Amino acid sequence: MSVIFVLIGFSSFVAIMFLAAYIWSVKTGQYDDNYTPSIRILFDNEVKKETSKKNS
Amino acid sequence: MRKDQEIGIAEKLICYHCGEECSDDEIRIGEKLFCCNGCKTVYELLDANDLCTYYNLDENPGLSQKNDIKKNFDFLEDPELKEKLIDFTDGKITTVTFSIPQVHCSSCIWILENLYKMDSGIIHSEANFLKKIVSVKFDEEKTNLKNVVILLDSIGYEPDLNLAEKEFEKSAVINKKLWYKIGVAGFCAGNIMLFSFPEYLSLNDLTTDNIKPVFSYLNILFSLPVFFYSASDYFVSAYKGLKKKIVNVDVPISLGIIVLFFRSLFEIFTQTGAGYLDSMTALVFFLIVGKMFQNKTYAALNFERNYKSYFPIAVTIIKNKIETTKPVEKLMVGDRIVIKNGELIPADAILINGSAFIDYSFVTGESNPIEKVNGDLIYAGGRQVGGAIEIETVKEVSQSYLTRLWNNKVFEKEDESKIDAFVNVVSKYFTFVVISIASFAAIYWFPIDSSLAFNALTAVLIIACPCALALSTPFTLGSSMRIFGRNKFYLKSTHIIEKLSSITSIVFDKTGTITETKNAHVNFQGDDLSDYEKKLVKSLVRNSSHPLSKSIFELFESAELLTINNYQEIPGQGITAEIDGNQIQIGSKTYVLENSNNDENNLSTKVYLSINESVKGFFTIGNSYRPKLKEVISSLQDHYKLSVLSGDNDGEKETLLQFFTNRTKMLFKQTPYDKLAFIENLQNKNAKVLMIGDGLNDAGALKRSNVGISIAEDINNFSPACDGILDADSFNKLDTFIKFSKTSKNIIILSFIISFLYNIVGLSFAVQGSLSPVISAILMPLSSISVVVFSTLTTNMIAKKRGLL
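These protein sequences, in sequence, are chains R and B.
Oh and the first sequence: position 8 is 8 in my numbering, straight run, nothing missing.
To get my numbering, take the position in the second sequence, counting from 1, and add 1000.
Each hint should be verified, as a subset may be incorrect.
What the hints assert, rightly or not - Computed footprint of chain R on chain B, listed as stretches where at least three residues anywhere in the stretch have a Cβ under 8 Å from a Cβ of chain R:
1) 1041 to 1050
2) 1526 to 1533
What the hints assert, rightly or not - Have a look at the derived ranges for each label pair, beta carbon to beta carbon:
3) R:F43 to B:K1137: 11 to 21 Å
4) B:N1649 to R:Q30: 36 to 46 Å
5) R:S25 to B:D1376: 56 to 66 Å
6) B:I1093 to R:L19: 30 to 40 Å
7) B:S1786 to R:S25: 12 to 22 Å
8) B:K1665 to R:S25: 52 to 62 Å
9) B:L1045 to R:Q30: 29 to 39 Å
Since the hints were derived computationally from the structure, they do not count as laboratory data.
Note that the structure is predicted; figures quoted are calculated from it, not measured.
Don't be surprised by glycine CBs; every beta carbon is placed ideally from N, CA and C.
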């Protein structure tokens, strides 16, 4: 049954890693702007020499 | 494309760049039409840089360039100013954040993030749509701040450069801290709850008995960051309150948290129980969630603007016939300034040279330019319309007529004390009652069993912790604020709703507030005009961007327009052109009737029309009142004392009486100081005043009043410091908003009653000294959650019923 102490230690470590990941995400500003990235992801990468695209 | 164009001819000619109607198809590139050369230039610039994706993302995404005045950005070379504007520089790489109010669609984001294609010195640029800002990183060796700004201006996104704007970053830091705290509290609360499971299930076999103490110590470990970090705000606030001898709601909360924590420690270390750490951490977590919910802010709106945001940050001055730029704050008495078309006068000054037509719409709300002659005093805040003028300052910027208003003591930074918040009034009595019950229970049990006395004392303090009390306010007001926001009524913070619910008196500004600035009401007086003549007039005014011309354009309904020749516009005076062989003039009396004196006292502005040198009559441009004004006023009239303050003369008094009754106090020719004093006077008579205004001239009154709401036809435009911004379209809902704020307060009172009921149940356990951790772990979150659910649901339901959702 003493294996449970190892498991607790391990699971707490994993949980703390997630907390650290969360704090890191706040720190790097991932919650600052929760709208613009949703638009940005829809922009196509430009392919040069594409001229006929304008007419739709 | 061809098909598009056919439809275009049949209906309207639409500018490919900005989507505005084109007067003709003169300005074009291939099949693409443009309304003005400005738009065409932007298109050419984008086309040359292979950036036409801009037009594919959104239809006609551009910004109209018709009224754009190309500005001189030389002042950006001033190193001191530069330092204030940029975020960071190491001499080579510079980052700078611009506020760009024009951002409105996905095309805007795209173009602002592709700036590097137009200027190789720009390394990276990133837009934030909600805040309407773009941060640019550029290479100092290849480009400079001035070039970046010029580039932005040339594609129609002129940055709003001013030094006061940097404030918003401060609130972002506070917000981030809250995110950290919520994360830590949520994480710890969740883990502690898991470790408390053996306790909840009352497992009593041998293995769990071994594990339980380990779990308890782990719980202590996890509760430390919650107690010392996440909950610290409550302790600080309670301490600050007590220091000022105010028992705010944070006092009983802190008391509860502290007692919870130390009793748990005591139980765990003496091995007499499992403690209440799960309840404590969950409580803190809920409280911060509530705080977060309340902290809704409108990132793109600024409620703290003062005159500095209106004024340019630098002006062109002339010294020994050399033009240089100088930051506005360093402007001294006697400096000679050159003011170009469209620029603001930064300080009271005397006109030296040039013909000045000053538009005081910022200051008074009146948009018709006033003519000034050499030697006249020009007040700060006016905007020059027409050619360049030279003026000499007679007062410093901060001592000028308009800006001196900001030296008034009402503008001193007061800390947002929420002493008057309803919850704090309740908590004062609440704390007193709880402490009495706790001590009574302790005294009762002490002779019988001293340890039971300790148990009862702490249990009362724990269970009475006003978590539900503290949560009902943020959730009710937070939901109300979101509901208001959906109806285009944006508040600075939630406690404005409470203030709004208790107002007794409403003061309206006239110009721009109860009248519309968009559609001035135009009438023609004089000879009857034939359809042909109407067509002539309409064709002529089509070419002018002056607001009065636009109003006249809307007056006549005629689809067909004639081509015009020899068009001439003399800013501030009038326009003239030759159409179909007819000479048409529209403009001021002096302009149209060449030999007349200008001292006629006209109450409403007159614009004269002459065709082939014979005067046909004049257009009068009167105030047009907001639609539904009468309904709004009549519904407010019975409940509140209404007043109208106007900077204008009393020419409109008769018209106003159609909307207001005689009981309404109407004052005319009010200076900004008079307005401020009027509010102060009302408040001295114990009135709670709601001021509704729009311009800089109302700034003092808005600030002084209990609730100051500024009305804006375009919410992203400048509005003075205020508590809330109301979109002009929602003006008719004003009455509903005030009523709803009262409802919100009632919902809070109901939630209080619910939380008191829970408290009575809890206390009945507590005074007996028999509060088990399980009961506390169920009762405390249950009361919190039910209060949150109740307040949020009721608020939204009532809003739906009243048509606000």
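Assertion that chain R covers the stretch 1526 to 1533 of chain B - criterion: three or more residues, beta-carbon distance below 8 Å: violated (count 0)
Range hint compliance [Cβ, K1665 (chain B) to S25 (chain R), 52 to 62 Å]: holds, 56 Å
I1093 (chain B) paired with L19 (chain R), Cβ distance criterion 30 to 40 Å: At roughly 34 Å between Cβ atoms, L19 (chain R) and I1093 (chain B) fall inside 30 to 40 Å, so the hint holds.
Supplied distance hint 12 to 22 Å, evaluated on CB atoms of S1786 (chain B) and S25 (chain R): violated, 32 Å
Cβ distance range 36 to 46 Å for N1649 (chain B) and Q30 (chain R), holds or violated: At roughly 56 Å between Cβ atoms, Q30 (chain R) and N1649 (chain B) fall outside 36 to 46 Å, so the hint is violated.
C-beta pair F43 (chain R), K1137 (chain B): status relative to the range 11 to 21 Å that was hinted: holds, 19 Å
Annotated coverage of the stretch 1041 to 1050 of chain B by chain R, confirmed only when three residues or more have a Cβ within 8 Å: n = 1 at 8 Å, threshold three: violated.
Range agreement (Cβ of Q30 (chain R) with Cβ of L1045 (chain B), hint 29 to 39 Å): Distance hint for L1045 (chain B), Q30 (chain R) holds at roughly 34 Å.
CB-CB spacing for D1376 (chain B) and S25 (chain R) relative to the 56 to 66 Å hint: holds, 60 Å
Taken one by one, the earlier hints fail for this structure at numbers 1, 2, 4, 7, listed in ascending order.
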